[in-house]
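**Q** Listed below are the residues making up each chain.
2 protein chains.
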Amino acid sequence: MGKRIAYLGPAGTYSEQAAREWIEKAILIPVESIPAVANAVSSGIADEGIVPIENSIEGGVTFTLDLLIHDSELSICGEVIVPIHQCLMAHNKIDLADIKNVISHPQSLGQCRDFLTSKLPGAELTASLSNSSAVQEMMAASLETAAISSRRAAVLYGATILLENVEDRSNNETRFVVLSHRDHEPTGNDKTSLCFEYGGNAPGILSGSLREFASRDINLTKIESRPNKKSLGRYVFLVDVEGHRTEDLVAESLDALNNQVSMMKILGSYPSAQRK
Amino acid sequence: MGKRIAYLGPAGTYSEQAAREWIEKAILIPVESIPAVANAVSSGIADEGIVPIENSIEGGVTFTLDLLIHDSELSICGEVIVPIHQCLMAHNKIDLADIKNVISHPQSLGQCRDFLTSKLPGAELTASLSNSSAVQEMMAASLETAAISSRRAAVLYGATILLENVEDRSNNETRFVVLSHRDHEPTGNDKTSLCFEYGGNAPGILSGSLREFASRDINLTKIESRPNKKSLGRYVFLVDVEGHRTEDLVAESLDALNNQVSMMKILGSYPSAQRK
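If you read the sequences in order, they're chains C and V. Heads up, the first sequence is in this note's numbering, so the first residue is 1 and it goes up one at a time. Heads up, the second sequence is in this note's numbering, so the first residue is 1 and it goes up one at a time.
Quick caveat, the hints were computed from the structure, so don't treat them as lab data. If you're wondering where the values come from, they're calculated on a predicted model, not measured in any experiment. Only true hints are included.
Because identical chains share one entry, a pair is satisfied inside a single copy or across any pair of copies.
Straight-line distance between alpha carbons at most 16 Å, and here's what the computed EDC-like set of lysine to aspartate or glutamate pairs gives:
#, residue 1, residue 2
1, Lys3, Glu24
2, Lys119, Glu164
3, Lys229, Glu173
4, Lys229, Asp168
5, Lys230, Asp168
6, Lys230, Glu173
7, Lys3, Asp47
8, Lys265, Asp255
9, Lys119, Asp168
All chains, please: the whole structure from these sequences, using the hints.
**A** Structure below.
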């Protein structure tokens, strides 16, 4: 039996595409939200779950970051990078000038803002809760309604693609992480994700903490801050470093950091993704 | 004549509330997007513009951060902190059990997730492009439709409030910044916002840069990273420090930082907000 992988559905989302790239012959289980992906793994319905964590244009996916910080005891065991290409689609072939309304997720509308302003200046914009639901809503609306979504969603729901690659910036990629009960054993080309928080006023002492990595020649590949959700201006920091948590220098720097913070959580060590 | 202040409309948004707190007797000009606020100031239609930059639960407002980094030559001349309280509203008094659909901005739906799951488990959720448009759409829909929005939007559009403070966390605040052609003169209780980027692999050398502030006893009150929009894993850092850019030690540390980075932009010095 193949591995069971939960992802943010419905079918046709970029999360489904990431899951198919992670394991080709997996049994894919669509669920309705990012927390539900984690729940599916925690409860044993799925072996692993895949969630978006960062987009090259829009930045961190806050639902996922907050889940990892506050609400999940799962580990990251892998990552997948998926190029994002948005398509404009409708019921049938239609002139752009005849399009009265465009439905998509607000983030996708944002990624295509210049295109919409220049090519569809008169069209009304309507928000939908996912790229896939946008296509379903479009197919239930008038013939003068269009949607912005993935090529696969167009195929799945029977829409006609009018234009491909309508995103404003061509270097649009999303990084997904794979959640499991355990992280990954060392492979020699790994990274480690962690988060931490200070008891006192935070960013003033951050530079000292980051030196624990720099002084051991450990490269940081990412740093991000999220509100700690208790008080405006107080943050949890999320950091990715090169190397596996079981390597001596990485383990040393994590120990040293742990002595400076009020909370530290190692989210997992896993192989660095190769771009396709 | 009062100052003309552009804000993200329509009337009834939290941005309007921030503008009214910033200057009580201003002439308020609602515009349709965050970039349009900046354009209104650049073009002279407004004297100042007010935009949300950070929420205590959801984190940075990416549209505003990216505008400040990439697309605007305006300066920050002030900040305002507004407590956010969400209300559930409908056409008339109605039992929660009879609500079939709830309309709101996806971020507001996210802020009320626990409430919606526990009290309205059967209701369908519908996305809208702003909290105010959600109320207008609700008033045009069936009597069994509800919206989540501000108290002021309920008053403006004639909705009936069913429940107040339906947000999951009570410490929900948004920080707004005021954009102008110039920043603010020193007051003795100021902060300075800036952004910078490295030419090479970024976060590895960040700790050294932050030491320029720490070694001069300048407190960082915020650090955040945004994608540089050219390549996944490359970032622009946004930092707030205590003090005015014309103070000696602040000016020294900014000079030192400027020598280490490929891009630095001082977004402005302005008085720290007092919470009401």
